[in-house]
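In the order they appear, the protein sequences are chains B and G.
Be aware that the first sequence starts at 1, since it is given in the numbering used here, and climbs by one per residue.
Be aware that the second sequence starts at 1, since it is given in the numbering used here, and climbs by one per residue.
Hints listed in this document are in silico derivations from the structure and should not be mistaken for laboratory results.
As the structure is a prediction and not an experimental result, all values here were calculated from the model.
Heads up, a few of these hints could be off.
Stated by the list, open to error - Which residues of chain G face chain B? A partial, calculated answer using Cβ under 10 Å: (1) P148; (2) K162; (3) K322; (4) V323.
What the hints assert, rightly or not - Computed list of lysine-lysine pairs in BS3-like fashion (alpha-carbon distance at most 30 Å, straight line): (5) K321(G) / K276(B); (6) K133(G) / K276(B); (7) K136(G) / K276(B); (8) K116(B) / K321(G); (9) K116(B) / K42(G); (10) K116(B) / K204(B); (11) K204(B) / K97(G); (12) K322(G) / K219(G); (13) K116(B) / K39(G); (14) K136(G) / K219(G); (15) K276(B) / K139(G); (16) K291(G) / K97(G); (17) K162(G) / K185(G).
Said to hold, decoys possible - Pair by pair, the computed Cβ-Cβ distance ranges are: (18) A271(B) / G79(G): 45 to 51 Å; (19) V88(G) / S247(B): 41 to 47 Å; (20) F95(G) / G19(B): 51 to 57 Å; (21) V111(B) / G233(G): 51 to 57 Å; (22) G233(G) / V86(B): 39 to 45 Å; (23) P103(G) / F66(B): 34 to 40 Å; (24) I22(B) / N297(G): 53 to 59 Å; (25) N297(G) / L83(B): 29 to 35 Å; (26) N297(G) / G193(B): 52 to 58 Å.
In this text, a Cβ means the ideal position worked out from N, Cα and C, and glycines have one as well.
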Amino acid sequence: MSELSISGTIKPTKKYSVGNIIITILLLIWSALQLFPLYWMLTFSLKENSEIFGANIIGLPHNWLFSNYTTALQSGNMFRYLLNSVIVTVASIIITVVAATAATYALTRMVWHGRKIANAIFMLGITLPINAVILPIFLGLSKIHLTDSYWALIIPYSAFALSMSIMIASSFMEGIPLEIEEAACLDGCSVYGIFWHVILPMMKPALSTLSIFIFLQSWNELMYAVIFISNSDYRTVTVGIQNLSGSFTTDWGPIGAALVIATFPVLIIYAFFSSKIQESLVAGAVKG
Amino acid sequence: MYFRSPGNGTSYPFDARYINRTWRPVPRNLTEGEPFMDKTMKNRTAILLFMLPACILFIGIIIIPICMSAYYSLLDWDGITTPIFVGVKNYITIFTKVTIGFPGAVRNAFLFAGLSLFIQLPVSLALALTLAKGIKGEKLYTALFFVPVIISTTVIGQLWLKIYNPEYGIVNSFLRAVGLGEYTKTWLGDSNTALLAVFIPILWQYVGYHMLLMYTGIKSQPTDLREAAMIDGASNWQISRYVTIPLLKPVLRVCVIFAVTGSLKVFDLIYVLTNGGPAHASEVPATIMIKQLFDRNNYGVGSAIAVFIVLLCFFFAIVIKKVFRTEVD
């Protein structure tokens, strides 16, 4: 509250008032509620059943059992699933970022009839529940024999992320001053040149926000991955975990390890780009 | 409409582009009498090229499939035999055929929406108001509360399966440890508790998301109004109630829309935890849709449910926008 204490008219809030202490305690309790399940997941991924089931339910493992991780990666096939998820996610990011930035340029900067309507139609896609189109997409992909392939997930994921990406990209692009493009235009730059040499370099911060948004969506998707992929060679991490918990019903350690493995890439990215991630999930919404 | 400017994350309650347009000296091409850039910006080939990838994806994967879903919902079809056109019969079936359990699923979805509105959003708002006031370590708290949001719902679901495990899960272990052993339950297997048990992880996971939306919204508000209220002697509660929250209306509207439409289309967590069981106790529209489509090959009925979910989401998005009308619209 110190930034509000202007010219002595406001009495500065005491640092250790009762209210502050209560608030801090409540916040700490809430933090514990939010983090405890995750802590528990991390510890039981390193324990053996006897500890998980009674001897040591919530403590740190007595005996750090890293073999749970090798079990999950090898016999649980998590390594393969991770690789598949990476392939699907990276391809979705590339396709969506290219399609969204190009479309956003045409939608926000170029002059043509139907631009407003096209934009409105794209924005409808944000409210649209993606599970409503699963059957037609499934039938379409089966017809061209694309189920049980990476494309079965890459194509829908790219399409589903498109609306939100266009929204994030256009709120950013609208903030780029037109003068720079006009200068480039005066210098004889073509519209492609302006897009490639002027707009894209200035869009860099938005591109990482976009990529993170698409990453989270594709990495965590379950419904399409369950329905479209039956061949274990193409299973993504989310489906892999579902299968793993079916085959390791009594052995909790490897499941815990698989859960941690699936979460780890996300947490690593979060640790480095937490503000970017927060921004990517808030960007579209706050603009309304 | 708050406008996000690049880089520094501050927002302005106006559209910066519009401001640019009004006073920008527009160089004119003297021979044609129109802004000189227009020729470049009206390049039809370029527009087509720029729009093409997005249009192919959007039309092919969203618009055409939506229309096909609507068409399939009018058919009696199992994917193998010849489809028979039956009109709106499937829509009547989903509401009258008891074995499908659809009305119960819709009721559950509304219950989810209600719980989100009256528990999740107030908790998020309280957290956001507290943190935005400038508590020590606010950045750390926001980062921590947001962690569950980015974790896959599948992981969260599997984790909560373990938490609810009747023999070894921490819920029952905790109850036994504090001497409340008689309250231990098969949380997910008991039709009285299953619905609540699947709601708690959803609440737990997304409180951080709504909190962050509101927190960002509060932080982007100009501080002078709050300062003025403070100088006039308003209490913290009064400042929140009469200054911060009214200004936060556009963000609250988004939160309400997300909470409601999110509850109507919820799937992942319920699929992992109970898949609608036991005895349809925790069924939601999306789980029933998937069962009808892919377990029973009831393409007509499943598509009718799909269309119904879409209509419900759009209906509520529009209603909420109307109810929370802001000055800007």
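Against the structure, the hints:
Below 10 Å, beta-carbon pairs count as interface contacts, and P148(G) has one with chain B at about 6 Å; its hint therefore holds. Taking 10 Å as the C-beta cut-off, the interface hint given for K162(G) holds, the closest approach to chain B being about 7 Å. A hinted interface residue such as K322(G) counts as satisfied when its beta carbon comes closer than 10 Å to some beta carbon of chain B; here the least separation is about 14 Å, so the hint is violated. At about 15 Å, the closest approach between the beta carbon of V323(G) and any beta carbon in chain B exceeds 10 Å, and the interface hint on this residue is violated.
Between K321(G) and K276(B), the direct Cα distance comes to roughly 28 Å. Compliance with the 30 Å bound is thereby established for this hinted pair. About 22 Å separates the Cα atoms of K133(G) and K276(B), which keeps this hinted pair within 30 Å; it holds. The suggested pairing of K136(G) with K276(B) holds, with an alpha-carbon distance near 22 Å, which does not exceed 30 Å. At roughly 20 Å between alpha-carbon atoms, K116(B) and K321(G) fall within 30 Å of each other, so this suggested pair holds.
Between K116(B) and K42(G) the CA atoms are separated by roughly 15 Å; this keeps the pair inside 30 Å, and the hint holds. Among the hinted pairs, K116(B) with K204(B) is consistent with the structure: their alpha-carbon atoms are about 25 Å apart, no more than 30 Å. For the proposed pair K204(B) and K97(G), the alpha carbon gap of about 54 Å is over 30 Å, so the pair is violated. Between K322(G) and K219(G), the direct Cα distance comes to roughly 25 Å. Compliance with the 30 Å bound is thereby established for this hinted pair.
This hinted pair checks out: K116(B) and K39(G) have alpha carbons roughly 19 Å apart, not beyond 30 Å. Restraint check for K136(G) and K219(G): satisfied, since their Cα atoms lie roughly 15 Å apart, inside the 30 Å limit. A C-alpha spacing of about 13 Å is found between K276(B) and K139(G), which places the hinted pair at or below 30 Å, so the restraint holds. Simply put, K291(G) and K97(G) have alpha-carbon atoms about 15 Å apart, close enough for the 30 Å limit, and the pair holds.
Straight-line distance between C-alpha atoms of K162(G) and K185(G) comes to about 14 Å, which keeps the hinted pair within the 30 Å bound. Roughly 46 Å separates the CB atoms of A271(B) and G79(G), a value that falls within the hinted 45 to 51 Å. In this structure the supplied range 41 to 47 Å holds for V88(G) paired with S247(B), their Cβ-Cβ distance being about 44 Å. Checked against the hint of 51 to 57 Å, the pair F95(G) and G19(B) passes, with Cβ atoms roughly 52 Å apart.
With their beta carbons about 54 Å apart, V111(B) and G233(G) fall inside the hinted range of 51 to 57 Å. Under the hint 39 to 45 Å, the C-beta atoms of G233(G) and V86(B), about 58 Å apart, miss the expected range. About 50 Å separates the C-beta atoms of P103(G) and F66(B), a value inconsistent with the hinted range of 34 to 40 Å. For I22(B) and N297(G), the hinted distance range of 53 to 59 Å is satisfied, since their beta carbons lie about 58 Å from each other.
For the hinted restraint 29 to 35 Å between N297(G) and L83(B), the CB-CB distance of approximately 33 Å keeps it satisfied. Checked against the hint of 52 to 58 Å, the pair N297(G) and G193(B) passes, with Cβ atoms roughly 53 Å apart.
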